[in-house]
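Peer 1: Based on the hints, put chain B in the right spot on chain A.
Quick note, the sequences are listed as chains A and B, same order. Residue 1 is where the first sequence starts when you use our numbering, and the numbers rise one by one after that. Residue 1 is where the second sequence starts when you use our numbering, and the numbers rise one by one after that.
It is worth saying that the hints were derived from the structure and are not from the lab. Note that the structure is predicted; figures quoted are calculated from it, not measured. Here a beta-carbon is modelled for each residue, glycine too, at the ideal position from N, C-alpha and C. Fair warning: there could be bad hints in the mix.
[Stated by the list, open to error] Residues from chain A shown here face chain B by an in silico Cβ test under 10 Å; the list is partial:
no.: 1; residue: L112
no.: 2; residue: L244
no.: 3; residue: I249
no.: 4; residue: V263
no.: 5; residue: Y271
no.: 6; residue: E308
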Amino acid sequence: MNKLRALALGILSAIGGFVDIGDLVFNSQAGALYGYRLIWAVIVGLVGIMVYAEMCGRVVAVSGRPVSDLVRERLGFGAGLVNLGASQIVNLLTLAAEVGGVAIVLHLLSGLALRPLVLLAALALGLSLWFLPFGILERVYSYLGLALLVFAVAAVNLHPDWGAAGRGAVPSMSGDRPLVYAYFAVGILGATLSPYEVFFYSSGGVEEGWTSRSLGDNRINALLGFGLGGVLSIAIMIVAAEVLLPRGIQPEFLGTAALGPAVALGAAGFYVALIGMLAAVGGAAIEVCLSGAYTVAQFFGWPWGKHEQARDAPRFVIAWAILLGLATLIILTGVNPVQVTEYAVIFSAVALPLTYLPIFIVANDRRYMGQHANGRLANALGWVYLAVILVVAIAAVPLLMLTSGGQG
Amino acid sequence: MGRGAGRDRSAALAVLPLVLLLMGLAACGGLDEDQLHTRAQTLSGDAAEGALLATQDGDGRVGSGFVQVHARELSEATADISDALRTAHAGGDLGRRASRLAHVAAQARAVLEAVAQNPDNHRLLQSAARELGAEARSAEQIGGGP
Numbered sequence: 001m002n003k004l005r006a007l008a009l010g011i012l013s014a015i016g017g018f019v020d021i022g023d024l025v026f027n028s029q030a031g032a033l034y035g036y037r038l039i040w041a042v043i044v045g046l047v048g049i050m051v052y053a054e055m056c057g058r059v060v061a062v063s064g065r066p067v068s069d070l071v072r073e074r075l076g077f078g079a080g081l082v083n084l085g086a087s088q089i090v091n092l093l094t095l096a097a098e099v100g101g102v103a104i105v106l107h108l109l110s111g112l113a114l115r116p117l118v119l120l121a122a123l124a125l126g127l128s129l130w131f132l133p134f135g136i137l138e139r140v141y142s143y144l145g146l147a148l149l150v151f152a153v154a155a156v157n158l159h160p161d162w163g164a165a166g167r168g169a170v171p172s173m174s175g176d177r178p179l180v181y182a183y184f185a186v187g188i189l190g191a192t193l194s195p196y197e198v199f200f201y202s203s204g205g206v207e208e209g210w211t212s213r214s215l216g217d218n219r220i221n222a223l224l225g226f227g228l229g230g231v232l233s234i235a236i237m238i239v240a241a242e243v244l245l246p247r248g249i250q251p252e253f254l255g256t257a258a259l260g261p262a263v264a265l266g267a268a269g270f271y272v273a274l275i276g277m278l279a280a281v282g283g284a285a286i287e288v289c290l291s292g293a294y295t296v297a298q299f300f301g302w303p304w305g306k307h308e309q310a311r312d313a314p315r316f317v318i319a320w321a322i323l324l325g326l327a328t329l330i331i332l333t334g335v336n337p338v339q340v341t342e343y344a345v346i347f348s349a350v351a352l353p354l355t356y357l358p359i360f361i362v363a364n365d366r367r368y369m370g371q372h373a374n375g376r377l378a379n380a381l382g383w384v385y386l387a388v389i390l391v392v393a394i395a396a397v398p399l400l401m402l403t404s405g406g407q408g
Numbered sequence: 001m002g003r004g005a006g007r008d009r010s011a012a013l014a015v016l017p018l019v020l021l022l023m024g025l026a027a028c029g030g031l032d033e034d035q036l037h038t039r040a041q042t043l044s045g046d047a048a049e050g051a052l053l054a055t056q057d058g059d060g061r062v063g064s065g066f067v068q069v070h071a072r073e074l075s076e077a078t079a080d081i082s083d084a085l086r087t088a089h090a091g092g093d094l095g096r097r098a099s100r101l102a103h104v105a106a107q108a109r110a111v112l113e114a115v116a117q118n119p120d121n122h123r124l125l126q127s128a129a130r131e132l133g134a135e136a137r138s139a140e141q142i143g144g145g146p
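If we strip away everything but chain A, and leave its shape as in the complex, we get:
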């Protein structure tokens, strides 16, 4: 039971980060356009986030301090400030997309007008952040987000071509609109490796009081929690490949993703999918909001954390409240949350090296890590992924412009 409870952080990080609005949008679009051929991008991203989340968790368990705190100490104020600024811009865009996503799912469920629902979504998220302790917050959203397993059931029920799905797990290029294909590969990698996930995971470890005795829990969280997120992402892609691709449907709206489970499983599948989407996008909003406040507070050395009373960490509370308020204002301007999602994912891809390189440096530093510094396997994988991240960061914006956001 304790193991199951300990797994909640991994599940929330995975469901909120792996399967957020960006993942729902990019995986549905990729499946609708290219069938199973981009499954490899999910797998590459999945292994990458597992490797780096494990590093972050290990740093927390050994040093008792979150990664961004150590990054500032290790890299100095200037480099840390650049890192902070880049991650906050991406956080704000991502949070705006998630708040908009929560409002859209409520809109689809109720049929009520969208704008009041944006305010309602922001209010509900703000009240959750204010009143719920970290443990309850993570369990409510992560376990409700498990409703997204309906996509896995729908995928199996649609009897996909498992051989073709297996071939899609092997990286390849496409002769059909190769730039658009590359854009979606970069988008899936960017959505999977979102910087806020590792900052949230790391700070969550501190909130839960991890020590060196938690190294096993960290490994289980990183492997099983994020592994579950990867399975759900692939399931979303398979459902889109089975339901949308044969009909020539190119998803432009969040609601399109819910049609797949409806076709495969009927009304029950449809409603469970919408509830799962609501929990996953809501969980992601909570995660991004806290991640932004964590990194700001840790950078400036303010008291932080949900384990603190609001009066003891006022600047931390103000930081998440400002982020949530600004994100809500962005969505209230009438901008399309799905488009904001696409920009957030692409700009997060650009910022990836600023997040992952410092983590790699700290996890290798024996002054902090002692005998728990990266071993050969973690270093080999860490280097490979730094190379992947660099390619993704360089290619992201040119591909966004050359393909007009994946339009062709």
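Peer 2: Only chain B this time, still in chain A's reference frame:
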């Protein structure tokens, strides 16, 4: 100084209609084969999605609130395509195909709007699914070639 400023103002007023004309032309925009193809693909996808939505609604697999919202989203998307095609500049065969595609978009928009307003009318949903399926095929055909 005052006379110079007056001359500048006169020159600016003389150039203004030209600037407005250029801005107007830019807003309308030209249309090439690739753009027509992309719009046709998008329209075909929207109409096909509308057909799927109407079928699922008719079978009781989706909620009527969802159908109202999603059919309206698709209706607005097809209206945007129709408007863009009507204001685009293209001559000859390309212009004729753009005009046919704009007509298909307008028809799809009307059907989707009807679905949004009557998500519980089974007879209407059945005919809407058929019409939207036909419009998806028409758009695909127009975008594919003359």
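Peer 1: So, for every hint listed, does it hold in this structure?
Peer 2: A quick look at each hint next to the structure:
1. For L112(A), the suggested interface contact is upheld, since its CB lies about 8 Å from the closest CB of chain B, less than 10 Å.
2. Hint status for L244(A) relative to chain B: holds, with the closest Cβ pair at about 8 Å, below 10 Å.
3. For the restraint placing I249(A) at the interface with chain B, the shortest Cβ-Cβ distance is roughly 5 Å, inside the 10 Å limit, so the hint holds.
4. Interface restraint check for V263(A): the shortest CB-CB distance to chain B comes to about 7 Å, inside 10 Å, so the restraint holds.
5. Interface restraint check: Y271(A) against chain B, minimum CB-CB distance 7 Å, threshold 10 Å, status holds.
6. Taking 10 Å as the C-beta cut-off, the interface hint given for E308(A) is violated, the closest approach to chain B being about 40 Å.
In this structure, only the earlier hint numbered 6 is contradicted, and the remaining ones agree with it.
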